[in-house]
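I would like the entire structure built from these sequences, with the hints used as guidance.
Protein chains: 2
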Amino acid sequence: MGDGFEKHAWIFTLGTELAQGRVINTNGSYIGRRLTLLGVKVIGIVTIIDNVDLISKYLMLVLNEGPRFIVTTGGLGPTYDDRTLEAIAKALNRKLVLNVEALEMVRRKYEERKMPLTPERMKMAYLPEGGVPVPNPVGTAPGCWIEYGETVIVSLPGVPREMEAMWENWVEPRLRKLLPPIHIAEAFAKIIGVPESSLAIQLNRIAQEYEKVYVKSHPLGEELGKPVINIYVMASGEESSLASKLAQEVLGKIIDYAQHLGGSVTGVELRVS
Amino acid sequence: MGDGFEKHAWIFTLGTELAQGRVINTNGSYIGRRLTLLGVKVIGIVTIIDNVDLISKYLMLVLNEGPRFIVTTGGLGPTYDDRTLEAIAKALNRKLVLNVEALEMVRRKYEERKMPLTPERMKMAYLPEGGVPVPNPVGTAPGCWIEYGETVIVSLPGVPREMEAMWENWVEPRLRKLLPPIHIAEAFAKIIGVPESSLAIQLNRIAQEYEKVYVKSHPLGEELGKPVINIYVMASGEESSLASKLAQEVLGKIIDYAQHLGGSVTGVELRVS
Numbered sequence: 101m102g103d104g105f106e107k108h109a110w111i112f113t114l115g116t117e118l119a120q121g122r123v124i125n126t127n128g129s130y131i132g133r134r135l136t137l138l139g140v141k142v143i144g145i146v147t148i149i150d151n152v153d154l155i156s157k158y159l160m161l162v163l164n165e166g167p168r169f170i171v172t173t174g175g176l177g178p179t180y181d182d183r184t185l186e187a188i189a190k191a192l193n194r195k196l197v198l199n200v201e202a203l204e205m206v207r208r209k210y211e212e213r214k215m216p217l218t219p220e221r222m223k224m225a226y227l228p229e230g231g232v233p234v235p236n237p238v239g240t241a242p243g244c245w246i247e248y249g250e251t252v253i254v255s256l257p258g259v260p261r262e263m264e265a266m267w268e269n270w271v272e273p274r275l276r277k278l279l280p281p282i283h284i285a286e287a288f289a290k291i292i293g294v295p296e297s298s299l300a301i302q303l304n305r306i307a308q309e310y311e312k313v314y315v316k317s318h319p320l321g322e323e324l325g326k327p328v329i330n331i332y333v334m335a336s337g338e339e340s341s342l343a344s345k346l347a348q349e350v351l352g353k354i355i356d357y358a359q360h361l362g363g364s365v366t367g368v369e370l371r372v373s
Numbered sequence: 101m102g103d104g105f106e107k108h109a110w111i112f113t114l115g116t117e118l119a120q121g122r123v124i125n126t127n128g129s130y131i132g133r134r135l136t137l138l139g140v141k142v143i144g145i146v147t148i149i150d151n152v153d154l155i156s157k158y159l160m161l162v163l164n165e166g167p168r169f170i171v172t173t174g175g176l177g178p179t180y181d182d183r184t185l186e187a188i189a190k191a192l193n194r195k196l197v198l199n200v201e202a203l204e205m206v207r208r209k210y211e212e213r214k215m216p217l218t219p220e221r222m223k224m225a226y227l228p229e230g231g232v233p234v235p236n237p238v239g240t241a242p243g244c245w246i247e248y249g250e251t252v253i254v255s256l257p258g259v260p261r262e263m264e265a266m267w268e269n270w271v272e273p274r275l276r277k278l279l280p281p282i283h284i285a286e287a288f289a290k291i292i293g294v295p296e297s298s299l300a301i302q303l304n305r306i307a308q309e310y311e312k313v314y315v316k317s318h319p320l321g322e323e324l325g326k327p328v329i330n331i332y333v334m335a336s337g338e339e340s341s342l343a344s345k346l347a348q349e350v351l352g353k354i355i356d357y358a359q360h361l362g363g364s365v366t367g368v369e370l371r372v373s
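Line by line, the protein sequences are chains A and B.
Mapping the first sequence onto our numbering, position 56 (from 1) lands on 156, and the numbers just tick up by one.
Mapping the second sequence onto our numbering, position 116 (from 1) lands on 216, and the numbers just tick up by one.
Don't read these hints as lab results, they were simulated from the structure.
Being a predicted model, the structure only gives us computed values, none of them experimental.
Treat the hints with caution; some may be incorrect.
Chain A regions said to be covered by chain B (calculated; three or more residues, Cβ under 8 angstroms) [unchecked claim]:
1. 123-130
2. 146-159
3. 242-256
4. 273-285
5. 301-312
C-beta: ideal position from N, C-alpha, C; glycine also.
This is the structure in structure tokens:
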């Protein structure tokens with residue numbers, strides 16, 4: 101796919117409330133962003149209603165793409181429609197088994213509050229065979245880390261506060277150990293007064309010339325009238341100096357061209373991580 | 101799937117910027133919401149990077165599910181990575197052809213501004229064979245409406261302002277003609293002081309008893325400590341009185357049970373559309 105990334109990922113953000121548009125999918129963009137900054141290329145984000153057969157079907161299809169990572173959010177709680185781990189077990193043809201370590205995590209949480217371990221609460225401790233529970237410092241449902249061939253499947257709860265805490269404290273440190281060190285350089289500019297369709301010629305040329313740089317134009321104003329376009333350039337490399345040089349070089353060419361077409365440029369910025 | 105909906109839909113929100121998490125996917129929730137309120141059951145929302153082969157592959161997989169509607173957003177503009185209609189043409193095994201009506205829409209827009217019709221601008225007038233252009237009152241790229249067997253595929257731009265104007269002015273009036281009249285009743289309540297895992301028993305019972313009602317609990321506070329749960333109940337029917345009676349009945353049962361467990365209830369609300 102011509103952008104220098106070797107490791108691919110898919111994200112599954114699960115929940116009928118997302119498909120029905122009652123909840124905006126901020127988990128997808130959170131994880132998409134975190135993976136991108138680790139140098140992982142996110143191929144897609146799939147939302148599916150709370151239906152085990154459909155979820156496992158699309159998990160299997162995506163597994164066939166051979167991704168390095170699949171991250172799921174949602175469907176780990178105590179209610180009847182929280183069935184993500186069941187769907188993963190089905191997709192991997194593994195059993196869902198009571199995980200002793202996960203049960204201990206759940207039991208301890210409720211014990212502290214002097215609450216009994218009901219079947220609904222124990223449900224949260226069933227993981228697909230081979231799964232490692234991910235501690236949940238905020239809520240009660242543990243996450244799950246499973247290795248399947250070359251793919252790591254990480255499942256986290258759908259509540260953003262829980263999911264983000266688990267990502268930052270537990271998941272990302274483990275992903276970093278599996279991935280080569282990488283630096284990402286992002287260059288931004290705002291171009292005023294040039295329609296996107298005029299700029300398009302130059303963007304097409306750059307896409308062909310710089311295979312390993314990602315360039316995107318986002319029209320903000322109106323294409324006609326007073327066009328405003330945000331330009332985003334991303335380059336990555338083992339050395340941050342190289343990545344930032346490449347991003348700046350490409351942004352420079354776009355700016356030169358926009359000015360040549362009579363546009364003005366503001367908000368030039370470079371971020372390296 | 102046990103909730104009274106006959107018509108299924110999938111949404112494709114296309115764009116590398118969505119997969120990379122630089123843009124939050126508000127288009128998916130907008131369309132998910134609008135379709136739900138038309139009585140259409142949204143099964144999934146798929147985001148894929150700007151890659152024709154991958155997009156057409158997943159379009160074909162979803163077409164095999166036999167949905168009544170597929171709505172796509174993004175990838176209609178003038179740049180090299182705007183290739184949604186090419187992917188649809190490929191998935192349907194149709195040619196991408198210059199559409200005279202779409203060309204006229206694009207030509208007129210640029211002519212008003214005394215701007216020439218370049219190849220990048222003409223690109224926006226190529227639709228899959230059989231496609232009907234959807235006027236864009238805000239921007240320049242027309243949308244596309246294609247019928248393929250029992251499925252209608254509607255493609256709209258990714259810029260939310262353009263997409264929403266086209267949905268409201270052109271797409272939704274046409275969808276309403278294809279769909280039976282429907283009323284949706286939604287009932288809401290906030291339950292304080294009952295952990296979701298305690299409520300789960302009753303929610304499981306209700307899901308079994310009321311097959312045609314959708315019930316979802318959203319934990320807001322902490323499961324332990326001070327739990328706060330938003331309850332959402334949705335029922336639909338040809339008559340609004342029936343739908344609202346059903347939604348109220350189910351919410352009432354949940355509230356009774358929560359109070360029985362010592363919880364307090366606020367924010368009870370019923371919306372009928």
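How the hints compare with the structure:
Counting residues of the region 123-130 of chain A whose C-beta lies closer than 8 angstroms to any C-beta of chain B gives 7; at least three are required, and the coverage claim holds. Using a Cβ-Cβ cut-off of 8 angstroms, 7 residues of the region 146-159 of chain A lie near chain B, which meets the minimum of three, so the contact claim holds. Only residues whose C-beta sits within less than 8 angstroms of a C-beta in chain B count toward coverage, and the region 242-256 of chain A has 0 of them, not enough to reach three; the restraint is violated. Residue count for the region 273-285 of chain A with a Cβ under 8 angstroms from a Cβ of chain B: 0. That is fewer than the three needed, and the coverage hint is violated.
Given a C-beta distance limit of less than 8 angstroms, the hint that chain B covers the region 301-312 of chain A holds, as 4 residues qualify and 3 suffice.
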